[in-house]
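Enquirer: Here the protein sequences line up with chains A and B, keeping their order. For the first sequence, the residue numbers in the numbering used here are 2 to 438. For the second sequence, the residue numbers in the numbering used here are 2 to 438.
Just so you know, these hints were derived from the structure itself, not from any lab. Do not take every clue at face value.
The list makes no distinction among identical chains, and a pair is therefore deemed to hold if it is satisfied within one copy or across any two copies.
Derived pair list, reagent style DSSO-like, types lysine-lysine, alpha-carbon separation capped at 30 angstroms [to be verified]:
#1 K433 x K77
#2 K269 x K5
#3 K77 x K438
#4 K142 x K77
#5 K290 x K345
#6 K290 x K408
#7 K182 x K168
#8 K438 x K142
All of these numbers come straight from a predicted model, not from anything done at the bench.
Protein chains: 2
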Amino acid sequence: MSHKIVNLRVRDVRFPTSLEQHGSDAMHTDPDYSAAYVVLDTDSGLKGFGLTFTLGKGTEIVLCAVKALAGLVIGKSLQEIVSNFRGFYRLLTSDGQMRWLGPEKGVIHLATAAVLNAVWDLWARAEGKYHAMYLSIQDPKQIVSCIDFRYITDVLTEEEALDILVKAQEGKKQREDQMLKEGYPAYTTSCAWLGYSDQQLKQLCSDALKSGWTRFKVKVGADLEDDIRRCRLIRKMIGPSSTLMIDANQRWDVAEAISWVSRLAEVKPLWIEEPTSPDDILGHAAISKALAPLGIGVATGEQCHNRVMFKQFLQASALQFVQIDSCRLGSVNENLAVLLMAYKFQVPVCPHAGGVGLCELVQHLILFDYICVSADLRNRMCEYVDHLHEHFTSPVVIQDAHYMPPKDPGYSCEMLEESVNRHEYPEGDIWKQEIQK
Amino acid sequence: MSHKIVNLRVRDVRFPTSLEQHGSDAMHTDPDYSAAYVVLDTDSGLKGFGLTFTLGKGTEIVLCAVKALAGLVIGKSLQEIVSNFRGFYRLLTSDGQMRWLGPEKGVIHLATAAVLNAVWDLWARAEGKYHAMYLSIQDPKQIVSCIDFRYITDVLTEEEALDILVKAQEGKKQREDQMLKEGYPAYTTSCAWLGYSDQQLKQLCSDALKSGWTRFKVKVGADLEDDIRRCRLIRKMIGPSSTLMIDANQRWDVAEAISWVSRLAEVKPLWIEEPTSPDDILGHAAISKALAPLGIGVATGEQCHNRVMFKQFLQASALQFVQIDSCRLGSVNENLAVLLMAYKFQVPVCPHAGGVGLCELVQHLILFDYICVSADLRNRMCEYVDHLHEHFTSPVVIQDAHYMPPKDPGYSCEMLEESVNRHEYPEGDIWKQEIQK
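Full structure from sequences and hints, please.
Expert: Following this line, the structure appears as structure tokens:
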């Protein structure tokens, strides 16, 4: 069956997370976790579900961009798309008129991600095997045929990519079994959002420790003395053997990042995340160099807007942890390129997640990374945030601080129809109530 | 008078330039030069006009983004804005929810440019002097107060910026008089779009030479043999003493750029423009290094999305010509930062123009650069394209291949009401006719 796409629907779904300061950090003080949520309808009745994550205001702009891309999708069959997936990726990202709005960055690329995430979901569901998405990307030749190597061949050619993937076939089955049994290691960001009180922070740490968490991330960057107090508090709570990461969400300039983080070295953070502008490759390189003697790495990626930027972060030794995002890059296609480049440079991948749907999506990518690319768990872990999973038909399963491989068909970002209806902005019940307040 | 902004209107204006292949290049084969056109209404009756340039499809997305920013603008007085212009710039670019869509890149930043361009227009018109925009930015302290130095202080601090501007006060009056008399040197891109036939190309070159043009840019990158033929033809037409530039509009990967341009070295181009991805700082650095022995520089900037990227291009010696754009960056505010950084690195600025309204806008920035920053004309020239000027109330004036300083009040991008009405998409007469065809 060809599964011709006959319609593309997109909806503006927003959760009022800012009311309780969930997700608050030094630059995003009041996020309402939201999504541009895409549904592809096919002539076979099969559907594909995709989304891109946003923070509330402006989601309608992403919807507008998704609608602008719809004409390139509707009328195509799934078979047509996946038989030349690289070509389809380029069709969406290189339209002669629309690429001016990016290219491959910002709103138009977030929209591309939403659409392509839905295509990958559809593909996984349509496969004879009717399986979880991460199992769709296991054949080396198929994988490289999905990647647009434009602008990255100076670092990774198609031949090199194929070579990496073919070599990683060895031991694949064992790693898959291992994942099914143990799951993929996770860390939690749920304990220490910037807007939380010390009391809240202590309680959440204590609960998390009881649930088996050993890796914790703390938001910093608004006030140095406050950061020192909060980080000491958490380090004390979690003990010296647990892992602590800190995240500044782009708050600093280069020199300030170095001096501020140096002051926090006493709590022994594994990494400082997003110390400065996500565009500043050379700045991150300077920070990496300055912090290396303190044993602190630099992590970034959730706002790294495409493979060309990741390429340079790797070339410049500007990060020690690659934080891919399932909705910022051009879906699986572009993330595959980044995973392979990270492998080539031997830099561990520790995905960004949280928000709404990011955990559900990115678990597939990191499982793929372990099973089919890196075969390595050292210094690797996937972010986890304990919010909004209840709105998905196949929410992530966390056991003993590990992501358990998803078993349901698809890419795990189908939302409950009722959740979408209630949270649709501005006409859903939740927002009608908020607006009335 | 405070000039309180009481309304912001934005319109989708498109010109069907693709019908005659104007503007065609290796990556944008069928552009319809377009704009998101902003009008600010104030309680005093004074208006501000701004725009951002687009290529047709997707302009509606930029409109949507402008509307999302409108709430941050309406209700503010001009006085309130310009008394803390840095703060207002940051208000638009750092909204806690909307910055996720950038930050400072793509659709949301194009929208910021359109809005801020209108504010600058309004400001110039409102000044007691009621003068051309470039005259609004002459006081050093006022200038630095408009710039957001976030993320660039490792290269340029506020103090250094002020120092540069104060030193350049010397000779300012002579340079202004010189500009009023001679104008600013320009080059033409109108002769050699990729879609033009050889016959058309010869005719246009011949006409341009007669009008006094001595600097010419040719589009390349689609087919090497074709490029060699076209470049030889033009070099023959313009003679050895005229200046020739070539422009690939991001067509190549790094290695390909080096080999392709090396083949074109025989026609002695001054620069190769946009050889690869606009995001690839390290790639441009590699290309610069490889082409330096051939005497060919690298130029880029029309899709360089913010000051953080320009900072790195300068730090990495990745360009030899800085091509600022009046609509890609956050208006005058962000361009001021780039002009000052370029001065610090002693790299000449040669603005991108053309499209619709870009010449009208950018002439102000380059006049400012000469009069108040660089005081230097060596290796400097501003792009000119001979299209669509007739739609503006104060179109650019070119004399003997020089931009003559604009004399009308404002930032020169007010369009004729009739032009806007006829070209509004999709309901204007021009588009109704096209759609009926």
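Enquirer: Taking the hints in turn, state whether each one holds.
Expert: Hint check:
1. K433 x K77: This pair counts as between: shortest inter-copy Cα distance 28 angstroms, intra-copy 37 angstroms.
2. K269 x K5: neither (54 angstroms within a copy, 52 angstroms between copies)
3. K77 x K438: between (45 angstroms within a copy, 26 angstroms between copies)
4. K142 x K77: within (23 angstroms within a copy, 57 angstroms between copies)
5. K290 x K345: both (21 angstroms within a copy, 25 angstroms between copies)
6. K290 x K408: neither (42 angstroms within a copy, 51 angstroms between copies)
7. K182 x K168: Classified as within: same-chain Cα gap 24 angstroms, cross-chain 69 angstroms, threshold 30 angstroms.
8. K438 x K142: neither (55 angstroms within a copy, 45 angstroms between copies)
Of the numbered hints given earlier, the model fails hints 2, 6, 8; all others are met.
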